[in-house]
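**Q** Sequence:
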Amino acid sequence: MGTTGNIGRYPANRGFVIVAVLWILMALSALAIIISAYLAASARALAANDMSLQTEALVSAGLELAAYQLTLTDEKARPPRGAFHFVLNEASVDVTFTSEAGRLDLNYAPKQMLVGLLAVLGARKDAAAEYADRIIGWRTRPTPGSENVEAARYNALGYSPRQGLFTHVNELALVAGIPAALVDRALPFVTVFNGTPDVDPAIASPEVVAAVDKASGNGQGGFGARSASLSSAAGTQAQSPQSAALTAQSPCYRIAISIRFRNGRRTTSEAVIALGDKVAPYRVLSWQDDVEPRNAILLRGRS
Numbered sequence: 024m025g026t027t028g029n030i031g032r033y034p035a036n037r038g039f040v041i042v043a044v045l046w047i048l049m050a051l052s053a054l055a056i057i058i059s060a061y062l063a064a065s066a067r068a069l070a071a072n073d074m075s076l077q078t079e080a081l082v083s084a085g086l087e088l089a090a091y092q093l094t095l096t097d098e099k100a101r102p103p104r105g106a107f108h109f110v111l112n113e114a115s116v117d118v119t120f121t122s123e124a125g126r127l128d129l130n131y132a133p134k135q136m137l138v139g140l141l142a143v144l145g146a147r148k149d150a151a152a153e154y155a156d157r158i159i160g161w162r163t164r165p166t167p168g169s170e171n172v173e174a175a176r177y178n179a180l181g182y183s184p185r186q187g188l189f190t191h192v193n194e195l196a197l198v199a200g201i202p203a204a205l206v207d208r209a210l211p212f213v214t215v216f217n218g219t220p221d222v223d224p225a226i227a228s229p230e231v232v233a234a235v236d237k238a239s240g241n242g243q244g245g246f247g248a249r250s251a252s253l254s255s256a257a258g259t260q261a262q263s264p265q266s267a268a269l270t271a272q273s274p275c276y277r278i279a280i281s282i283r284f285r286n287g288r289r290t291t292s293e294a295v296i297a298l299g300d301k302v303a304p305y306r307v308l309s310w311q312d313d314v315e316p317r318n319a320i321l322l323r324g325r326s
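Here the sequence shown stands for residues 24 to 326, where the numbers follow this note's numbering.
Treat the hints with care, as some may be off.
Restraint ranges, calculated between C-beta atoms of paired labels, are given here [as the list claims (entries may be wrong)]:
1. Ser228 x Gly287: 42 to 52 Å
2. Tyr61 x Gly200: 19 to 29 Å
3. Gly240 x Arg306: 32 to 42 Å
4. Asp117 x Gly200: 50 to 60 Å
5. Tyr61 x Ser83: 28 to 38 Å
6. Leu205 x Gln311: 16 to 26 Å
7. Asn171 x Ser228: 31 to 41 Å
8. Gln186 x Arg104: 11 to 21 Å
9. Trp310 x Asp97: 19 to 29 Å
10. Val307 x Ile58: 39 to 49 Å
11. Asp97 x Arg288: 32 to 42 Å
12. Arg306 x Ala196: 18 to 28 Å
13. Gly105 x Arg306: 18 to 28 Å
14. Leu180 x Asn112: 23 to 33 Å
What the hints contain is simulated information worked out from the structure, not anything from laboratory work.
Note that the Cβ used here is the ideal one computed from N, Cα and C, for glycine as well.
Please build the complete structure, drawing on both the sequences and the hints.
**A** See below:
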C-alpha cells in the first residue's frame, strides 16, 4: 500500500518540478536580456567616450600645429590670420586662426568705439551711448572715497557690477540695461583677449570697421580712413595704413578647428591661445567644443 501511494504522488511532483524549471528558464532569459542591454549600452558609452577622446586629441593637434606655424616667424612678422588642413587618425581636420586684434576689446575699447558698434548693431544713438557708459562702469574701479553710483544701479538686479576687467565676453549679458538680443549680436565682434584699444582693419569684420568709422565720424571711410580712425578713436596720433595695421597686434589668436570623421560625423571646436616663449610656446585661454556657426549679421546702424 505504501508503494502504491508513493507512485501516485509522482505525477504531481513531476509537474511541480517542470513549473520550477520553467520559472528558472524565464529568469535566466530575463537575465540574459538585461545583460545584453547592459553590454549594448556599455558599448555605446565606450564608443562615445572614444569619439570624445579622439576629438580632444585632434583639437590639441590643431592647436599645436597652429602655434608652431605662428612661432616660426618673428613676432612683428606674424600673419594676422591663416588656415591649413591635415589628416590624422582617419579624420580630416581644417584649422583657421585669426588674431584677436580683429575684435573690439571690452576692457580697453574707448567709449566712441563701443557706441559705434552698438549703433551699427541696431541700438539708437542715445541708447548706444548709455550702454557704452554701463560697459565702462562695469570694468572701472571707483575712486576711493567716492560714492559708488554704478553699484547702486544694480541693487534691483540683486548683484553688484564687477568694477574690474571683464573675464569673459558673456559677462556683457550682466551689464545693466543692455537688451539680450543686442548682447547676442555683439558677441561675435568683441573679446577680452585683444589687450589693446586698437583694431587691425585688415582682419576686422565689416561691422567692427563700420563701428570705428562711426567713432571717428567717417561714415563712408575706406581702408585708409579705417586705419586713421582707429588711432583717433583711441586718442592716439593718426598713422599711415601700414603702420596702423602693424601696431594693432595681439599675442592672442582665435583658432577654429573643424573635424570630419570617417563615419561622416562633423564637429567644430574653437579655442583662444596666447603665444609665449620657447619654454612655453603657448597657453590655452579658452576652449569650446561643438561650436555652432553664427549667421551673418546685417548692418543695422541708425544715425
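**Q** Quick check on a hinted range of 39 to 49 Å for Val307 and Ile58, using CB atoms only.
**A** holds (42 Å)
**Q** Taking the CB of Asp97 and the CB of Arg288, does the distance hold inside 32 to 42 Å?
**A** holds (39 Å)
**Q** Confirm or reject the claim that Leu180 and Asn112 have a C-beta distance inside 23 to 33 Å.
**A** Given a distance of about 48 Å, which is not inside 23 to 33 Å, the answer is violated.
**Q** Quick check: does the Cβ-Cβ distance between Gly105 and Arg306 fall within 18 to 28 Å?
**A** holds (20 Å)
**Q** Is the distance from the Cβ of Gly240 to the Cβ of Arg306 consistent with 32 to 42 Å?
**A** holds (39 Å)
**Q** If you check the beta carbons of Asn171 and Ser228, does the distance land in 31 to 41 Å?
**A** holds (36 Å)
**Q** Does the beta carbon distance between Arg306 and Ala196 stay inside 18 to 28 Å, or does it fall outside?
**A** Once the Cβ atoms are compared, 26 Å apart, the range 18 to 28 Å for Ala196 and Arg306 holds.
**Q** Would you say the C-beta atoms of Asp117 and Gly200 sit inside 50 to 60 Å of each other?
**A** violated (40 Å)
**Q** How does the Cβ-Cβ distance of Gln186 and Arg104 compare with 11 to 21 Å: does it lie in that range?
**A** For Arg104 against Gln186, whose Cβ atoms are near 34 Å apart, the range 11 to 21 Å is violated.
**Q** Lying within 28 to 38 Å: is that true of the beta-carbon distance Tyr61 to Ser83?
**A** holds (33 Å)
**Q** Honestly, do Trp310 and Asp97 meet the 19 to 29 Å range at C-beta?
**A** holds (27 Å)
**Q** For the pair Tyr61 and Gly200, does the Cβ-Cβ distance stay inside 19 to 29 Å?
**A** violated (53 Å)
Checked against the numbered hints above, the structure breaks hints 1, 2, 4, 8, 14 and satisfies the rest.
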